[in-house]
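Chemist: Each chain, letter by letter, is given below.
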Amino acid sequence: MWFYRSPTVVYGDDALSFLESIDMKAVLIVTDRNISKSGILEKVKAHIFSPSVETIDYIKEEPSVDEINDAVEKIGNFKPDTIIGLGGGSSMDAAKVILFRLSRPDLDFFDLTPLSYLGIKKNHKFIAIPTTAGTGSECSWAAVVTDRNDGRKAEMASPEIMPDFAILDPSMVSGMPAEVRRNTATDALTHAIEAYVSTWKNPYSDSLAREAVMLITSGCAKLHDDPENMEYNSMVQIGASMAGSAFSNSQIGLAHALGHAFGAVFHKPHGLSVGIFLPRVIEFNDVSCHDRYEEINSFFSTDLRKENLEESVKSFLKFMGLPLYVEDAGIDVDEYMTRKKVVADLCFESTGIIGNPRDVSRSDIDKILSDMIHK
Amino acid sequence: MVKFPSKEWMDLYVERLKSNDIYKDSARDWEGDITFVCRADGPLKNDIAMWLDLYHGECRDARYFQNASDAPKSAFRYIGPFGNWVKLIQGQIDPLQGVLTGKFKLEGPMMKIMRYTKAAKELVRTASKIDTEF
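So the sequences go chain by chain: H and W. The numbering of the first sequence is my numbering, which starts it at 438 and goes up by one. The numbering of the second sequence is my numbering, which starts it at 327 and goes up by one.
Note that these hints are calculated values from the structure, not bench results. No residue lacks a Cβ here, since even glycine has one placed at the ideal position from N, Cα and C.
If you want a taste of the chain W side facing chain H, the calculated C-beta under 8 Å gives, among others:
#, residue
1, Ile348
2, Ser352
3, Val425
4, Leu426
5, Thr427
6, Leu432
7, Met437
8, Lys444
9, Lys447
So that you can see chain H by itself, here it is in the shape it has in the complex (with noise of 0.2 Å):
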């Protein structure tokens, strides 16, 4: 017995306008600064009738306990009957965890797990709006949040913040800048391939899964020369939800495990990070689900697409200007030598591993980040 859990999906062009049609009484929207000066939260607030409408517009990139706490102090005594999630992943995940606070203010901030049923949207509508064409948090029941304290990214999930609607507007990628493409892109690739051969993957997640390999890396090949068209723009978009969904009703993977800790350790973004290990991780599991790699590999944009899927993404993170070597995403040996073993304890820890398709021990994972330097 499993699940196959998602949110409408409104996707294409104008798929904002759909924002009319729903009864919202009092809106509340989280997402950043940069949203907000870039003219996308206005073009949003738009469709938006409602009489009463807040707006927390200063989610950091991979937001803190902290600041998410703060957020929800801040919000006061307003009683939002939806809430919309608007920007990249650490927005949306950022009001998945509002909304969880709001709902259920007498739990404890790291109650939000999968385990046990917490009755979190009784009073709100949930919306979704991605900026960025990447995290699939719009078609996911995880969210991302930087535990300071403890120096992690605390990985927190539940079928219960997962959103009602998704709105995918190609509009509101076709802007993204450079950098912000090519991590998302990576990430979206990654969430793909890791529910393919995830140990819970099933006949949802797979075929989702191959059809975002093909929007994702055909989209990317084709934007690099046309960086605003729409159609392309919505292709990676549309294949970037597929595999938030992918992920979301499979699981990720080791190069997420260990993505999460390296991030949360060396600071870099979320897709650059995920990605530099994909490699490595598909070399290592090669030898529990080679077939399932083939397979996946064969929906790769024939513009990427090498011999086998390791070479195929190595080309892709190349394509895309990522590293493949912890130097050449700027962090010193020396640092990363006498820091490893850190990445290594919180990638342990991860879910990311308990779905992985080959099982992990410590010196796996110690082997694995030994080679992310050139020799």
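Starting from the structure of chain H, add chain W where the hints point.
Modeler: Okay, now just chain W, sitting in the frame of chain H:
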């Protein structure tokens, strides 16, 4: 073959757990006792409990209770009917998916468990390696 549930099965389980290096490694910071509760179902006529004192990758003590209500309070309780325990031990149910699908109930600080999912998996894998009779 050892019959499940029984004290003999639990003793063998603890012995196997003690020699499971992957469990030791993944639970090396774990502190907290756990009670496995097997609810009456099918051939099992009353609820039984197995209490394990788990600390830093070791099982320091274990007790079997023919009547689950006699078991001491513990930090965590993993509860399910006999039929689901059979499937869990036979590897047909993943321990975490078992909770997510309502086949098992977990009581205790959930976030702590989420950081030790690897250890939880090893706890179950150890059980699945015992030649068990149901």
